[in-house]
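Chemist: Residue-level listing of the chains:
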Amino acid sequence: MEKIYSHPKSLRNLSTHYCPGCGHGIAHRLIAEVVDELGIREKVIAIAPVGCAVIAYDYWDFDCSEAAHGRALAVATAIKRVRQDNIVFTYQGDGDLAAIGTNETIHAANRGENVCVFFINNAVYGMTGGQMAPTTLLNQKTSTTIKGRDAGLHGYPLKISEMLALLPGVKYIERTSLHSPPEIIKTKKAINKAFLNQIEGVGFSLVEILSPCPTYWGMAPKASLDWIRDTMSKEFPLGRIK
Amino acid sequence: MKKVLISGNEAIAEGAIQAGCTFYAGYPITPQNELIAYMSSHLQDKGGVFIQAESEIAAINMVYGASAAGVRAMTSSSSPGISLKQEGISYIAGAELPAVIVNIMRAGPGLGNIWPAQSDYFQATRGGGNGDYHCIVLAPASVQESFDFMRVAFDLADKYRNPAMILGDGMLGQMMEPVKISNTRNKISKIKKSWALTGCKGRKPNIIKSFYMREGDLERFNLTLQKKYNQIQEKEQRFEGLFLDDAEVILVAYGSMARIAKSAVKFLRSKGKKSGLIRPITLWPFPKDIFKRLAISHKPLAFLVIEMSYGQMVEDVRLVLEGKARVEFLGRSGGGIPTEDEIIKKVMRL
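Residue numbers (the numbering used here), protein chains in the order written: chain P, 1 to 242; chain S, 1001 to 1350.
For reference, chain P alone in the conformation it holds in the complex (with noise of 0.2 Å):
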């Protein structure tokens, strides 16, 4: 019988210690199965995040920096520019991304830096006890916005997605989910499809992935997955968006 499924040689055989119902596994482990099935895992040099994440080089198996919190694309961009030939991606949750990080963040795609980006977006923050993120959707409670987010207080959930595409160093963006599995089989496929465009030597290409935090939204990891469908979803609509 052929095998046809087995565990990346990109992620190591371990328990990881996110919350039950989290989708960082999830992301990681998709991430290894692309570079795996590319060929790639000699080549690639990843970027780990500050947050939850931040110990993603415990579980993938190759090169990988730590980065200060916000700073991944800073660092990334110097990787590829001295090592142009090896396969260079960060991994930034919503504060890292979208706040700490906006301006590494922007400046980064507005060069034009051939790299990938996987931004994994939880609208909140997990590893520091679940603050307000930059992506906290309105009305949504976090310990530092207990009555609900209020645009008069606290602004807006940020769309950098949708503004990171306008600019022309940007190549590709596309919103996935991991709320089911048909939508972490397009997770992957926009994965596979940065990675691609790097190789080729595209440019700048992100991944936006609405990510499960069941701990931090006070749900069952089932309702977390729903909450990303019927809610989460509405405001950060899923697709293609350059």
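It is possible that part of the hints are untrue.
Heads up, incomplete: computed chain P residues facing chain S, CB under 8 Å, no partners named [claimed, not checked]:
1. Lys-43
2. Val-54
3. Phe-62
4. Thr-102
5. Asn-103
6. Asp-226
Derived BS3-like pairs: lysine-lysine, alpha-carbon spacing no greater than 30 Å straight-line [stated by the list, open to error]:
7. S/Lys-1266 x S/Lys-1324
8. S/Lys-1299 x S/Lys-1235
9. P/Lys-9 x S/Lys-1209
10. P/Lys-43 x S/Lys-1201
11. S/Lys-1159 x P/Lys-43
12. S/Lys-1235 x P/Lys-3
Since the hints were made in silico from the structure, they are not lab data.
The C-beta atom is built at its ideal place from N, Cα and C for all residues, glycine as well.
Got chain P sorted already, so can you dock chain S onto it with the hints?
Modeler: Showing chain S alone in chain P's frame:
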């Protein structure tokens, strides 16, 4: 070997290129703009990577990335910009990456002004960012040394896997002097960087990080850092001494300030006043040994520390002498520079 007339800022840039630097990222700030401009053309011409970053923070994090990928990388700025870089410098120290950071100091605090100053000594020698770490700090006093010390800085950074800082000031950066340019690019000591991120072909994956969450891990790591710092303190103290054999008053000054102090010493000598000079070249490690030796063997009347600040290096002199010798101070900052006359008067009153 050709001799050219260039500014301190340009000498630093050319010195870096000759030392094998192939990556530069920076953000404009006065008084070091000639450096970034020089790099933008000359480094690229030689096949290196130049990036004008969106901020000083981005620039230092780019240096972190380039260094992680195994190349000789640097950034430069001036005081307020160096404050912004402290986050990245701390991460570079924590990840044990070699890198060179140039600070062409201006007066502070805050935006201050663009006049030369030496008021970032504490920030440079104590670490500057969060955590227990040190940069190796070199202080050139001429345009020639600005060129020469880049090689030293890159070599030390690679040798110890540690950030090295060139601490100059606006006067040194802006002034022009003839410089012997030695073409050394093809004679660079190649230290093998087996830790660098190159893709994991034929080896286990490399990880560059400064994060240690498991109980005991960070303390163990910090102890290895401390061991390295002790080794640097033992082996890398550098200074220039002038008339130390019979000096009764020993002036202590670094960088541009040392040149004025040197003129004062020569004038005082011509008047029969036995003075001398210690010019620290490494500010960290501070050249402790010479102070200790002189305090015991020569018993000078006093050490007079002169700075373009209100008293920063003087604290190191007091720390190292542990009350065994008299320490006096003369300093100005914010636009003013202690003059030769002021130094001479101060010495005559001792």
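Chemist: All hints, please: hold or fail.
Modeler: Now the hints, each set against the structure:
| no. | hint | result |
| --- | --- | --- |
| 1 | Lys-43 | holds (4 Å) |
| 2 | Val-54 | holds (6 Å) |
| 3 | Phe-62 | holds (5 Å) |
| 4 | Thr-102 | violated (10 Å) |
| 5 | Asn-103 | holds (6 Å) |
| 6 | Asp-226 | violated (33 Å) |
| 7 | S/Lys-1266 x S/Lys-1324 | holds (26 Å) |
| 8 | S/Lys-1299 x S/Lys-1235 | holds (25 Å) |
| 9 | P/Lys-9 x S/Lys-1209 | holds (22 Å) |
| 10 | P/Lys-43 x S/Lys-1201 | holds (7 Å) |
| 11 | S/Lys-1159 x P/Lys-43 | holds (27 Å) |
| 12 | S/Lys-1235 x P/Lys-3 | violated (59 Å) |
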